[in-house]
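Trainee: Here is what each chain is made of, one letter per residue.
Protein chains: 2
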Amino acid sequence: MTSPAYDLWYWPSIQGRGEFVRLFMAAAGIPYRDRARTDDAQALVEDMEAREKSGQFAPYAPPYLVEREMGFAIAQVAHILTWLTDKHDLDSGDPATDLHLIQLQLTITDIVAEVHDTHHPVASGLYFDDQKDAAKRAAKAFREERIPKYFDHFEAALSVKPGPFMVGATWSHVDTSLFQLVEGLRYAFPLRMAAITDDYPKLMACRDAVAEIEGVASYLDSEARIPFNEDGIFRHYEELDAA
Amino acid sequence: MTSPAYDLWYWPSIQGRGEFVRLFMAAAGIPYRDRARTDDAQALVEDMEAREKSGQFAPYAPPYLVEREMGFAIAQVAHILTWLTDKHDLDSGDPATDLHLIQLQLTITDIVAEVHDTHHPVASGLYFDDQKDAAKRAAKAFREERIPKYFDHFEAALSVKPGPFMVGATWSHVDTSLFQLVEGLRYAFPLRMAAITDDYPKLMACRDAVAEIEGVASYLDSEARIPFNEDGIFRHYEELDAA
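Protein sequence lines, in the order shown, are assigned to chains S and E. Going by the UniProt record's numbering, the first residue of the first sequence is number 1, and it counts up by one from there. Going by the UniProt record's numbering, the first residue of the second sequence is number 1, and it counts up by one from there.
Hints may be right or wrong, so weigh each one.
In this list, chains with the same sequence are indistinguishable; a pair is considered to hold if it fits within one copy or across any two.
Simulated pairs of lysine-lysine, BS3-like, Cα-Cα distance not exceeding 30 Å [to be verified]: (1) Lys202 / Lys140; (2) Lys53 / Lys161; (3) Lys53 / Lys149; (4) Lys132 / Lys161; (5) Lys132 / Lys149; (6) Lys53 / Lys140; (7) Lys87 / Lys161; (8) Lys202 / Lys53; (9) Lys136 / Lys149.
No lab work stands behind these hints: they were computed from the structure.
Based on the sequences and whatever the hints tell you, model everything.
Mentor: Put into structure tokens, the structure is as follows:
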């Protein structure tokens, strides 16, 4: 048996941004070696430092995917997923649609950064407890203004084609990322999400359809899917949630 | 004379994210109609609403570029620049390098979002004065930790090839965006930028080389380049700057 063509590097203790890559790989059935499960954080730091000092272009931050035969490393979730989509012929077949999918994926990147900033509005390097007051105000604005604005947009986009996925009957990288977004927000803001779920039937149907993709269902049922926790992007703090 | 093939839509009163597109267009000599100079903010809002209701995939936010003949609209700065690079044969000629350039552009997207969050750490919808205390703490962390981390990365990337640009003698979309990043940070954080400029000779040389690209020089000298101001992404508030 040949070893997988790819190595995925990410922090071992969280789902974080790496999870968007894992879900895509699971849906596509692309084998890879998950270095977050075989190596510790120190190994990741050393790999990153070696790349930055290599005299070649290097990732700014994980996750990054390494094509082992070529030694080629690629970072940034939306970029990794776009690259894999193209490489493994998982595109929609229509170039304009593929461009819209990338745009949607980048919009998901934006909301994911905003989710992180709800619990770390002041600085990533400070503890949550040292920015809790700002976090409460940030989370309120995020819950009340930002989630509906983004979700309205995704719901409208999911209305363009028949569904359940963004381009119809076939999943794309946008769908696996929307699944993770909904799952993460349900974990972080259960009261708020329960209150608005009925307003977004197409988004929730997309989430459900992704959960049923064979590779995704197996992955979610495995130990490789580590639970959400309070070190990741999607964190549950009671004081940040409300209906 | 035929009218330009593209319309650029963005907010009229700021450079903002639209400026990254303008600088690229100027460097490439691609003609376009700048709707931020011919139309008001209300026209932009109406155009966005019409697109969201059109039953087609639509931008989440400006800037977006419309290919007039096809009616095709594309949003997200990194995506617009990548698309134009491909369409106008402005790629590096090496596919792996082009992928690294996209990755670098997405890293610029990340720092630009962090710049915005220095003056609006709690919520975009609140006034600066209502989040000034959090902004002071956010700006301190950004000045002291984030700028050096990103700049170290860009300086290392600019050391891969001979310079002055990211891939050598020919500019790419990354260089025009690095120019705007440096210009914006110099406007927002003049004390901090003066203190660290000498640590980043390749980044500053890249900035200077972009300013000398013929189309960029003409653009910067024109009235189309509106000044930085306190409604944009890069804002100067004395209380947020320090060496």
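Trainee: From the Cα coordinates, with 30 Å as the cut-off, is the pair Lys87 and Lys161 best called within, between, both, or neither?
Mentor: both (24 Å within a copy, 27 Å between copies)
Trainee: Please sort Lys53 with Lys140 into within, between, both or neither, judging by C-alpha distance up to 30 Å.
Mentor: Answer is between: at 28 Å across copies they meet the 30 Å cutoff, but 42 Å inside does not.
Trainee: As a check of your reading, is Lys53 near Lys149 (CA-CA no more than 30 Å) within one copy, between copies, both or neither?
Mentor: Classified as between; 14 Å across copies, 41 Å inside a copy.
Trainee: Give the relationship of Lys136 and Lys149 under a CA distance limit of 30 Å: within one copy only, between copies only, both, or neither.
Mentor: both (19 Å within a copy, 28 Å between copies)
Trainee: Is it within, between, both or neither when you check Lys132 against Lys161 at 30 Å Cα-Cα?
Mentor: This pair counts as neither: shortest intra-copy Cα distance 42 Å, inter-copy 44 Å.
Trainee: Measure nothing new, just compare the shortest in-copy and cross-copy C-alpha distances for Lys132 and Lys149 to 30 Å and report within, between, both or neither.
Mentor: Cα proximity of Lys132 and Lys149: in one copy and across copies (24 Å, 25 Å).
Trainee: Can you give me the call for Lys53 and Lys161, within, between, both or neither, at a CA distance of at most 30 Å?
Mentor: between (46 Å within a copy, 14 Å between copies)
Trainee: With identical chains treated as interchangeable, where does the CA-CA distance between Lys202 and Lys53 reach 30 Å or less: within a copy, between copies, both, or neither?
Mentor: Between copies, since 16 Å is at most 30 Å while 46 Å is not.
Trainee: When no copy is named, should Lys202 and Lys140 be tagged within, between, both, or neither for a Cα gap of at most 30 Å?
Mentor: Classified as within: same-chain Cα gap 25 Å, cross-chain 42 Å, threshold 30 Å.
In the structure shown, a violation is registered for the earlier hint numbered 4 alone.
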